[in-house]
Amino acid sequence: MRHCTEEELEKCLNRSRGRFCPTVFLRRLHLRNCPECRSRFRHLVEDDRFLADFVRELDEYRRRLGEFSDSAGEPERKPGRDWK
Amino acid sequence: MSFTTRESLLNKIQDGDQASWEEFYLLYRPMAFRHGRRLGLSREECDELFQQVMVQFFKSIGTFHYQPELGRFRNYLIRALRHAASRLLEHRQPVEMLPETLSAVNEGGLLNEIDRKILADWRGALFNQALAELKKQVEQQTFEAFCFYGLQRREVGEVADYLQMKPGSVYTAKSRCVAMLRNIIGELQKSDPEFKL
Numbered sequence: 000m001r002h003c004t005e006e007e008l009e010k011c012l013n014r015s016r017g018r019f020c021p022t023v024f025l026r027r028l029h030l031r032n033c034p035e036c037r038s039r040f041r042h043l044v045e046d047d048r049f050l051a052d053f054v055r056e057l058d059e060y061r062r063r064l065g066e067f068s069d070s071a072g073e074p075e076r077k078p079g080r081d082w083k
Numbered sequence: 000m001s002f003t004t005r006e007s008l009l010n011k012i013q014d015g016d017q018a019s020w021e022e023f024y025l026l027y028r029p030m031a032f033r034h035g036r037r038l039g040l041s042r043e044e045c046d047e048l049f050q051q052v053m054v055q056f057f058k059s060i061g062t063f064h065y066q067p068e069l070g071r072f073r074n075y076l077i078r079a080l081r082h083a084a085s086r087l088l089e090h091r092q093p094v095e096m097l098p099e100t101l102s103a104v105n106e107g108g109l110l111n112e113i114d115r116k117i118l119a120d121w122r123g124a125l126f127n128q129a130l131a132e133l134k135k136q137v138e139q140q141t142f143e144a145f146c147f148y149g150l151q152r153r154e155v156g157e158v159a160d161y162l163q164m165k166p167g168s169v170y171t172a173k174s175r176c177v178a179m180l181r182n183i184i185g186e187l188q189k190s191d192p193e194f195k196l
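From first to last, the protein sequence lines stand for chains W and L. Its first residue numbered 0, the first sequence is counted upward by one per residue in numbering that gives the first Met the number 0. Its first residue numbered 0, the second sequence is counted upward by one per residue in numbering that gives the first Met the number 0.
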C-alpha cells in the first residue's frame with residue numbers, strides 16, 4: 000500500500016479546517032492506520048494552526064498601526080479581477 | 000543565520016552602520032507612536048517621544064553593550080519610552096492632563112496595561128520582520144504561493160493557475176516556507192527567550 004500524498008493530506012486538512020476533529024477526518028484518509036501518514040497529517044495541522052495565529056496577530060498589529068503599517072513585502076499583484 | 004537579529008542590529012548600530020540606524024527607526028518608531036497615542040499624546044508629541052528615545056539611545060550607544068542575559072532590549076526600550084512619555088506628560092500638566100490620570104500613569108496601573116499593549120506591538124513587529132526575512136530567503140514565486148495559499152488561504156487550484164505552478168508545487172512551497180518561518184522566528188527569539196512567540 001502507498002502512503003498518502005502531500006496533496007491528499009492537504010485536501011483532508013482543507014476539508015477539516017475550521018471544524019477540525021482528528022478522529023473523524025483521519026478516517027477519511029485511506030491510510031488511516033498508517034502511523035507515518037497520521038504523523039504527517041498532525042504536523043500539517045500544527046502548521047495550519049501556527050499560520051492561523053501568525054496571520055491573526057500580524058493583521059491585528061497592522062490594523063493597530065494604521066498608517067504606520069509596514070507591509071513585509073507580500074505580493075502586490077493579487078488574485079481577483081485581474082486573475083489570469 | 001545571516002539575517003538581522005536584535006543583537007546583530009544593535010551591534011551594527013554601535014559600529015555606526017547607517018542602514019541599521021534606518022532599520023532601527025522603521026522598526027521602533029511605530030511602536031513609540033502607538034505608545035504615545037495610548038497615553039493621549041498628540042502626533043507631534045509622539046514624534047518628540049521617539050526623538051527623545053533615539054537621542055537617549057544615541058548618547059549611550061558608545062557605552063552600550065547588549066548583553067541579553069542581563070536585560071532584554073525590549074525591557075530597555077519600554078523603560079525608555081515610559082520615562083520619555085512621563086516627561087512629556089508632566090510638561091503638559093496641569094493644563095491638559097487631569098491629575099488623577101497623571102497619578103495613574105506614575106503609579107503604574109495604567110502603565111501595566113500600556114506595557115501589555117506594547118508587548119503585543121513588539122510581537123507583531125517581530126512577525127513582520129520574520130515575514131520580510133522569509134521573502135529574502137526564497138524565490139519570488141515560492142513566496143507568492145505561500146502568501147496566497149498559506150496566509151490568505153486561497154484555493155490551491157486558483158493559486159496554481161495564477162502562478163502557473165502545479166498544485167503539488169504550491170503545497171511544497173507552503174510546507175517549505177512554514178518550516179523556514181518557524182526557523183526565522185526561533186532565531187529572533189534566541190535573543191529574547193522569555194518572550195513567547
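Read the hints as simulated data drawn from the structure, not as lab findings. Nothing here was measured: the structure is a model prediction, and the numbers come from that model. Where is the CB? At the ideal position from N, CA and C, for every residue including glycine. Honestly, I wouldn't trust all of these hints.
[Stated by the list, open to error] In silico lysine to aspartate or glutamate, EDC-like type, Cα no more than 16 Å apart, as pairs:
hint, chain 1, residue 1, chain 2, residue 2
1, L, K116, W, E56
2, L, K165, W, D46
3, L, K116, W, E5
4, W, K10, L, E21
5, L, K116, W, E59
6, L, K165, W, E5
7, W, K10, L, E47
8, L, K165, W, E6
9, L, K165, L, E154
10, W, K10, W, D46
[Claimed, not checked] Pulled from the structure, derived: some chain W residues nowhere near chain L, Cβ distances all over 12 Å:
hint, residue
11, T4
12, C33
13, P34
14, E35
15, H42
16, R63
field: Assertion that C33 of chain W lies farther than 12 Å from chain L (Cβ)
entry: 19 Å, holds
Exercise. For the pair supplied as a hint, K165 of chain L and E5 of chain W, confirm whether the alpha-carbon distance does not exceed 16 Å.
Key: Between K165 of chain L and E5 of chain W the Cα gap is close to 13 Å, so the pair holds against 16 Å.
Problem set entry | 16 Å limit on alpha-carbon distance, applied to hinted pair K165 of chain L and E6 of chain W | 11 Å, holds
Keeping to a limit of 16 Å between CA atoms, is the pair of K116 of chain L and E56 of chain W held or broken? 12 Å, holds
Checking the smallest CB distance to chain L, is E35 of chain W really beyond 12 Å? 16 Å, holds
field: Whether P34 of chain W stays farther than 12 Å from all C-beta atoms of chain L, as the label says
entry: Holds, because the least Cβ-Cβ distance between P34 of chain W and chain L comes to about 20 Å, which exceeds 12 Å.
* With a cut-off of 16 Å on the C-alpha distance, tell me whether K116 of chain L and E59 of chain W pass. => Satisfied, since the Cα-Cα distance of roughly 12 Å is no more than 16 Å.
So if I understand the rule, the pair passes when the alpha-carbon distance is 16 Å or less; does K10 of chain W with E47 of chain L pass?
52 Å, violated
- Decide if the proposed pair is consistent with the structure: K165 of chain L and E154 of chain L, CA atoms, cutoff 16 Å inclusive. 13 Å, holds
Quiz item: Does T4 of chain W sit more than 12 Å from chain L, CB to CB?
Solution: 8 Å, violated
Assess, step by step, whether the Cα of K165 of chain L is no farther than 16 Å from the Cα of D46 of chain W, and give holds or violated. 21 Å, violated
Check your understanding: Would the least Cβ to Cβ distance between R63 of chain W and chain L come out above 12 Å?
Key -> 6 Å, violated
Hint check: violations occur at hints 2, 3, 4, 7, 11, 15, 16; the rest are consistent with the structure.
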